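Please construct the entire structure, taking both the sequences and the accompanying hints into account.
Residue numbers (UniProt numbering), protein chains in the order written: chain A, 1 to 382; chain B, 1 to 382.
Keep in mind that the hints were calculated from the coordinates and are not lab data. Treat the numbers as computed from the prediction; the structure is a model and nothing was measured. Treat each hint with caution, since some may be false.
Each pair may be met inside one copy or between any two copies, as identical chains are not told apart.
[To be verified] Straight-line alpha carbon distances no greater than 25 Å define the calculated DMTMM-like cross-link-like pairs of lysine to aspartate or glutamate that follow:
hint, residue 1, residue 2
1, 271, 50
2, 287, 138
3, 330, 370
4, 287, 57
5, 330, 319
6, 271, 57
Listed below are the residues making up each chain.
Protein chains: 2
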Amino acid sequence: MEIAQSLQQIQSSYIREILAAASDPNVISLAGGLPDEKTFPIDLMKPTLENLANMPEVFQYGSTAGYGPLLDHLTQSYQLPETHTAMICTGSQQGLDLIARAYVDPGDVVVMEAPSYLGAMQVFGLVQANIATVSQTEFGPNLDELETCFAQQSPKMFYAVPDFHNPTGVCWATEIRQKVAELCIKYNVAFIEDAPYRELRFTGTELPLVSSFCPDNSIVLRSFSKIASPGLRIGAVTGKRSYLEPLIKVKQGADLHSSVPMQALLVGLLKHEDFNVHMENIRTLYKSRYEVLFSELEKQLPADCVLKAVDGGMFIWVEIPECDTFELAKTLLSNGVAVVPSPVFYPKADEAKAALRLNFTNAKPEELTEAVKRLAEVLNQA
Amino acid sequence: MEIAQSLQQIQSSYIREILAAASDPNVISLAGGLPDEKTFPIDLMKPTLENLANMPEVFQYGSTAGYGPLLDHLTQSYQLPETHTAMICTGSQQGLDLIARAYVDPGDVVVMEAPSYLGAMQVFGLVQANIATVSQTEFGPNLDELETCFAQQSPKMFYAVPDFHNPTGVCWATEIRQKVAELCIKYNVAFIEDAPYRELRFTGTELPLVSSFCPDNSIVLRSFSKIASPGLRIGAVTGKRSYLEPLIKVKQGADLHSSVPMQALLVGLLKHEDFNVHMENIRTLYKSRYEVLFSELEKQLPADCVLKAVDGGMFIWVEIPECDTFELAKTLLSNGVAVVPSPVFYPKADEAKAALRLNFTNAKPEELTEAVKRLAEVLNQA
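Have a look at this one:
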């Protein structure tokens with residue numbers, strides 16, 4: 001059976017391949033984007049897990065928009081205005097997929113920063129969007145490029161990860177957030193704000209969501225994979241009702257609704273009195289690992305590598321001298337360290353600047369140190 | 001933001017509206033397709049539910065194809081040949097959505113029986129398939145129409161529910177199954193076999209899957225919503241590897257993977273020594289309810305209504321004299337009984353013969369009796 005045209009353009013995921021190779025016990029993987037299994041708040045989930053057997057209603061078909069108590073909790077904790085609503089998705093990845101399916105016709109222009117989140121490139125590729133890119137500075141997207149793009153290409157939406165961007169770790173400055181919102185309003189471009197790492201800030205104070213400056217021009221994607229557990233596959237989307245109704249219509253066909261026991265488990269966890277303590281623990285742990293990775297990189301990497309400090313998230317982005325980064329990643333892998341080379345994060349791979357994405361949340365401190373040693377050895381030889 | 005063209009053609013779901021109305025406590029609903037909450041094998045799930053807290057690995061990101069132990073169990077219990085494989089979906093509804101997205105280009109011909117499952121019409125509508133229909137006899141699809149359709153329209157796939165069809169309850173005869181498989185092979189049409197009700201047979205013996213006669217031309221969708229619990233949102237797809245690989249690629253973008261704790265819960269349940277007893281209990285319960293509904297309908301309905309006996313599943317299809325069935329359903333609703341009128345099950349609603357779909361799995365026997373009384377009153381007046 002011949003596959004659909006939309007799928008013929010989708011690249012096989014390099015990350016999946018490298019992650020498979022990285023499962024070799026001799027390889028230290030900085031390639032994935034996995035939270036540390038030990039951070040999963042299973043103790044805090046236990047009371048709800050044990051109580052699920054007394055909640056037969058969660059085993060029945062549920063509402064497409066989501067489990068009432070979870071929707072209520074999120075509506076309250078995100079302080080959504082009356083005109084806005086929340087819906088639950090099978091991971092925030094599904095939220096993004098629903099947005100693409102509900103709004104993007106083949107050829108519609110969708111703007112992203114370059115580099116950008118691989119899963120978003122896949123999703124917009126599947127709907128055959130015309131992906132336009134703007135470059136990223138250390139404070140966020142290049143605003144001149146963004147306005148030119150908005151003015152000349154009339155995009156339907158601008159997708160971004162303003163808090164601890166994947167892969168670069170950049171956190172947009174407040175001024176940039178305001179200006180992006182203004183541009184979205186001015187040019188009538190929907191802002192799709194993906195915020196999976198927002199709660200993983202370990203330095204400085206939380207900045208307002210970009211969407212808070214353009215609430216009626218935006219949709220926010222919320223992930224619980226980094227603060228609760230990715231295995232549950234529960235995420236959320238918020239925005240004005242008229243924006244979310246088409247998503248619910250697509251979701252009905254896509255999977256009817258997300259797992260209700262998992263939604264009940266999540267709301268039990270979010271309401272647990274010790275949830276904030278858990279969040280503090282994660283942030284402290286990830287901060288300490290970040291500091292190990294960053295200081296080791298500073299010490300050991302050749303001087304022509306450029307490191308960017310981050311205030312949160314899961315990744316450090318290392319710019320390296322121009323080279324074949326795929327070849328380099330292969331060499332690194334055979335030297336026992338897995339990383340992701342920059343071109344996979346660019347909609348147009350040939351526009352990529354040579355860089356590597358390094359994850360610091362899943363490896364232990366001694367592994368991070370050893371990984372940098374292996375990385376530095378190869379880079380020094382190159 | 002303007003919605004995508006593919007979504008503009010999707011009708012708002014009449015069933016969702018009628019189900020909302022049917023939640024009125026004064027209404028007896030025969031409209032849904034819900035299993036009885038009391039059949040959920042929560043006791044058999046309890047040991048796994050309580051053990052999940054000791055399985056941190058199920059809370060991490062999982063494999064897109066599914067949780068290893070569940071895949072192993074299904075591969076074994078479905079006795080899949082070496083060249084075939086299984087993948088897990090967020091409900092079998094997602095399996096269908098993935099098939100449509102992976103294989104159907106706008107305008108591609110997809111064949112269905114008329115009437116047919118509403119959720120399939122939605123999914124194929126979203127990918128802008130050209131839906132061709134063949135009529136259904138009491139033994140399965142009309143083979144002459146099917147061959148003409150295959151020969152003249154070169155469809156990509158034929159989607160069907162051969163076991164206790166939704167909405168008609170028809171179970172295809174073995175000879176029809178063989179001939180459909182032959183036609184699919186002859187005309188190179190993929191057979192998409194949706195089998196959510198297969199295990200709900202309460203009379204007679206199991207017939208071979210249509211796919212067993214054309215294993216390399218088919219994909220099978222398996223649901224656990226009717227035998228375990230719909231709330232979990234776990235289904236499965238089986239077929240030859242080359243058929244399933246594109247589905248896995250789409251699923252990566254769609255939701256990365258399905259909930260791992262729910263997959264672990266399901267495999268624990270399926271392996272429970274009392275699972276077969278549970279299945280027997282469901283079948284016995286549904287048989288008794290079916291017999292109540294059927295005998296009451298026989299007794300009370302006007303003579304010009306045509307009833308079809310079924311050997312399993314969840315529905316009885318009642319053909320009624322030609323009338324405005326939507327108007328009738330509204331009148332029935334205001335008289336305290338919710339049913340689904342036939343046109344919603346036809347890709348071309350104006351081709352529908354007047355009929356009503358009645359569910360017998362969710363209402364108690366006394367409710368079924370009372371519902372038929374209300375139904376008969378209205379039909380006798382009409």
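Okay, the hints, checked on the actual structure:
1. 271 - 50: both (16 Å within a copy, 20 Å between copies)
2. 287 - 138: within (20 Å within a copy, 67 Å between copies)
3. 330 - 370: within (18 Å within a copy, 71 Å between copies)
4. 287 - 57: between (40 Å within a copy, 23 Å between copies)
5. 330 - 319: within (17 Å within a copy, 66 Å between copies)
6. 271 - 57: Both ways: residue 271 and residue 57 sit 20 Å apart in one copy and 23 Å across, limit 25 Å.
In summary, the structure agrees with every hint in the numbered list given earlier.
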